[in-house]
Amino acid sequence: MTLQAGRNYREEASKGLDNDCLQKSLKKLQNNFGKGAMEYWASMTDSGLRDRAKNTRMETLANLDVVLSTLAENVEKAGGHVYFAKTAEDAVNYCLRVAAKNDVETVVKSKSMTSAEIGLDAALKGSDIEVLETDLGEYIIQLAEDQASHTIAPCIHLNRSQIGRLFEEKLAVALHRRYPPNLPDCQKSTLRHKMLDADMGITGCNIACAETGRISLVSNEGNIRMVTTMPRVHVALMGLERVAATMEDHQGLLQLLTQGAALQKLSTYVSFAGGKRLAGDPDGPEEFHLVVIDNGRSKILGDNAFREVLACIRCGACLNICPVYGRIGGHAYLSPYSGPVGAVVSPLLFGINQYADLCKGESLCGACLDICPVKIDLPRMLLELRYKLAYGDRKWQTRKHDRGEALVFKLWRISIAAGPLYRLALRCGYWMQRPLFGRKSLLSILPGPAKRWCADRDMPSLAGEPFSRRWKKRHGKGRTQHGVKDG
Amino acid sequence: MDEKDLFLADIRKSLGYSAQDARTTQECASLFASADDAAVLERIQYRTHVEKQALLKILQENAEKINLDVQPVKSLADAATRIVEIVEKAEPEFGHTKQLIQHDDTVLAKLQLWKRFSGKAVQVHTAYAVDSQVREKSIASYVGLTAPRWAVAESATIVELGEPGRPRSTSLVPSVHIALIHLKDVLAELSEVYAMLRQQPPEHSCLFISGPSKTAEIEAHMVHGAHGPRQVHLVVVDEQLKEAEGLRGSGLFSS
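Going down the list, the sequences are from chains A and B. Take the first sequence: its letter number 336 is residue 336 in our numbering, and every next letter is one higher. If you want our numbering, it's the 1-based position in the second sequence plus 1000.
To be clear about the criterion: a stretch of chain A counts as covered by chain B if any three or more of its residues have a C-beta under 8 Å from a C-beta of chain B, and this derived list gives those stretches:
{"id": "1", "stretch": "68-79"}
{"id": "2", "stretch": "192-198"}
{"id": "3", "stretch": "218-227"}
{"id": "4", "stretch": "258-271"}
{"id": "5", "stretch": "285-299"}
Straight-line alpha carbon distances no greater than 20 Å define the calculated SDA-like cross-link-like pairs of lysine to any residue that follow:
{"id": "6", "chain 1": "B", "residue 1": "LYS1065", "chain 2": "A", "residue 2": "LEU263"}
{"id": "7", "chain 1": "A", "residue 1": "LYS194", "chain 2": "B", "residue 2": "GLU1093"}
{"id": "8", "chain 1": "B", "residue 1": "LYS1004", "chain 2": "A", "residue 2": "VAL98"}
{"id": "9", "chain 1": "B", "residue 1": "LYS1137", "chain 2": "A", "residue 2": "LEU196"}
{"id": "10", "chain 1": "A", "residue 1": "LYS54", "chain 2": "B", "residue 2": "ALA1033"}
{"id": "11", "chain 1": "A", "residue 1": "LYS77", "chain 2": "B", "residue 2": "THR1025"}
{"id": "12", "chain 1": "B", "residue 1": "LYS1242", "chain 2": "B", "residue 2": "GLN1053"}
{"id": "13", "chain 1": "A", "residue 1": "LYS265", "chain 2": "A", "residue 2": "GLY36"}
{"id": "14", "chain 1": "A", "residue 1": "LYS375", "chain 2": "A", "residue 2": "GLY36"}
{"id": "15", "chain 1": "A", "residue 1": "LYS77", "chain 2": "B", "residue 2": "ARG1198"}
{"id": "16", "chain 1": "A", "residue 1": "LYS86", "chain 2": "B", "residue 2": "ASP1005"}
Hints listed in this document are in silico derivations from the structure and should not be mistaken for laboratory results. The beta carbon of each residue, even a glycine, is placed where N, CA and C say it ideally should be.
Just chain B, same shape as in the assembly (with noise of 0.2 Å):
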């Protein structure tokens, strides 16, 4: 018997059970009984525009309160302009110099920043998967550009998965974190999340970001920035976007 067998022996002599015979799942099926998603999966499919679009206002309400801003706009056009103003209205931390690192995602790609930014002193890196120099450039860059698989309008989260081309790095090492989600990605609650992951498990990382880095270590004192960024920003992407909602913003951050 190696250390395992010894240890879950022993378990099981606590429990009651021969320390000897393994018991398998089906002795405890009830436990692992899958949840039926079927509902909540096609509550998901068949949610109206309308619906998400309040589904965006309770988000932008629930950021307020944890910092996280949230720009609704009308095209990525306009998406790229957002990004372009947050991105120089920031300081960098750390050193000197201006770098963006953004996920390897067609939809950033289509952003074309790098045309934004040319003639500007901020250098676009993307996180390709064949670049050996990723960690780096990370490292370097004050701006992280992400494109989440979803956002949770009720505890203000954006879900990342990680995987070739996108590393969890790019929203923490940097000090400003901006992210990209269409309005048809926003869910409603944690539990739409859990369903659609169990739909579909993820091979790599997965992660939920409700707001900025933070701590109240010292005397109770909210601090933003603690080891993560200071600043997150989500940008969300509606082609139905009434004008002057797309100008409102969350108010934190906006012009």
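Isolated chain A (complex conformation) (with noise of 0.2 Å):
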């Protein structure tokens, strides 16, 4: 997957932190589920709960290659068939053959990352296969030809008008009113017929579990059980890190999951999928296809610095919490991960050079280090991908990215290493910067190389009087054992 064609991330930014609608969206979502899933991990009672579920998911991916095996063992043991696509081609080439075999006119799906990271709706289309998102929040995405902007609700940056306007555009209906209530109907009406006939569901993966080869599938609406229920053949799409060994870990997970993801204690459905339909069962597909994605994930579990990232188990709670987020929305990822794990995982996946304004833009405040669930130390990694783009890194195949900046940086690191010269250095800016402050601290607009630092913050002047005179000042000689004397 390359770079979302035109669009660019500070573009995008601009335009999430234009857009009216989100930014009261994104207020009232950090407002509820971030604040909420922070009061909620300090007061659960079973406090070790997310240091357990992270060190399980460690030595998960530390032994993935026997837990993958034993998955696809046991679900080969009920019937079903597994595919291990060692790329985004594999996968949507496998898909594609599937179909191919079985006739398929028409794929209902359920929202799925994964699928959006293989272009497989695009592929299938190319195929004269009718595609159709079935979560609410992706079928009005699908049908306004947009993108997602949030994990689990893909559509925060629309409003009930937007969306009342799309419909009656796109399914030519006369909608009595543009009421909240009114719009899921209309979804339904429209789209029942079609999952109840489809003849392939595609679905993603939340949690899958190898003691038992089931996968496990949660939502709120209903039309994941649909999708795995009502067409002939169910396939279904999983990331080679989305794997619990035993139901144990299983179950602590899906907890973890589902109060990340939306403060609920179980969502209102957990379906179990996995094998075919057995002799005298009355419904469930009659083909079962489990496709493991590896597409650029085991050099991330190759490389200690980042094999952490895999433990994400798409609660989307980091974006919930996170201040850049909270402002720019989804769109400015350009990928189908978002927010400060998306900063993380996009440029593992896609390139860490095209990706390189992602970890850049973050704060670095560490609150989704806070809110993790499973405690993915989010900030070390922004770090990490940060010194990999000053520095260059073979592996990764990153070039320094701006060698002005690391100029600058090697000047900076040299002036402030000699005292003297560091001092004089400031009073010369001090003074050279009179005729462009005047008396104003604030400065919005400079020359040179310089314009592009002041095109989203002000400049503040350089005190006259630095801080070490005025500390000397100030404490003078009274310094006590301590470092820094009372008042």
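If you follow the hints, you should be able to join the two separate chains into one complex; please do so.
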């Protein structure tokens, strides 16, 4: 996958900031779910659950070869098929082969970021197969030919009247009122017979369980159950890391997932799928295919600095607290994976050079680490990515991102290490800035290469009296043993 | 080597193991160690009736938060009366005929709903394994009646195990889902369900249902009945129920 054509971080972020509807929704989302999750973690009775879950996630990753082959064995035992896809193309081609073999004309999908990652929809449509999203948010995004902007609430950047207008245009319906309860009903009546009659259902996979050979899927709408119950064929796509070894591990992760995502003890539906319809079974798919996808993940697995990001259970909690995501929204991340976790995972999957802006845009405040149900240290990995961009890295093929910036920092390092030189530079800087600043303390426009720096923020002026001198004046020789005198 | 072997070899290489030699579960035995369920199973087995009634209270409280209607009743006859009330109150969402489909279950059969609805415009279907038209009947029905395996107090969850005679679609396609359960099958928390499932792994499908289908995609406005049922009623039979408690219900749909 390449950068979403013709779009860039800076422009999409600006658009996000200017979208009033998005700003309102993000504020509400973060106030409810972000704060709510933090309160829940602080008050949960089993306070060790998150640490235990993190440990088992890491142990599972460290033995992923065994866990995946056990999973495959058990899925096959239940009559399912497992395909291991090295690349996105492999996965797409496999799905097309399954569709062709079963004479599939209509595919119903439930929200799957992996399917967006591998570009499955376009390939299916290219084979003259009708593809319909069934999750309400994803359905709206599909109708609008837009991009999802949140992991579990894909259309939070649209309001009721925009969605109402879209339905009236695309579905040729006359809505009595563009009132939220009318809109899901409108989708339901349009989609219901499609879901009942579709030939193939495609889903993602929240957490597979190796021991039982079952994949589990969570949903509130019930669309995932429709997609996995009514069509003849069920294809589930999973990134190679989305697996737990045992039922016990599964339980902990499931509860953390639904709490982290939406503060639910359990989502409305948790379905355990896998295997084909058995003799006498009244419904369920006649064929089940599990597609396990690598597409760059084994490289992440092999790098100790980044392996931890594969412990992610895609609950989206970090989006609900991140101050950067909370302003710019999901489109700026230029990938199906947005928010802080997207800022780490997208560069690693799709190219650090191309996605350089993402890790630089994050604030490193640490909120994503605090809220993560499995305590993934995203800030550390954001720094790691920045390091690779600053100094270049052969394994990840990063080039030094900004040589000018590197030079400035080098000079900074030399001058700050030499005390008198640094003070002299500050003094010179102070006098040189005077014509620019005059009596102002903040400047919005700077000349030359510094112009871009001021595009998004103001430049504070250098103080006439540097901090070191003020410190000396105030505390003078009165340093105590601990360094600072009281008061 | 096929694509699976190559794929797993890449993973082994990433993890620092030899790419050629496949490893087995014995090499990470602690990861696959089975949970010790003895204590949990014993707790379930020896739970007293009073404790179970306390669980029902918790179930009712948690159910109310997610708009799951819980109706305790004293007998199967009372359960049938409640079900008839619910069915008569609900209006078909698609089409105009009133049809109900129920799982092929001995307890549900004892309700003899066909008798209750004789002379009324409600048709009762049973999802017999031999019936090739179960799918069509489910789609035509506006009420689905099931007999779930367990209910969980902690999260107000109904656990359905699918098998011949118990289609998954009964609790999904109709607009109203009614589940009938005996108090003895109410468990305290999810870990008890997992322990029971480990004892006897379900061969067919397994499903957790916590309340009616819902969506909050549009301006975070909660709407029930997105793709699944818009109402879910759980009727709990408890022969030792005191009359006053039976009538109270959880308030949401009780008369």
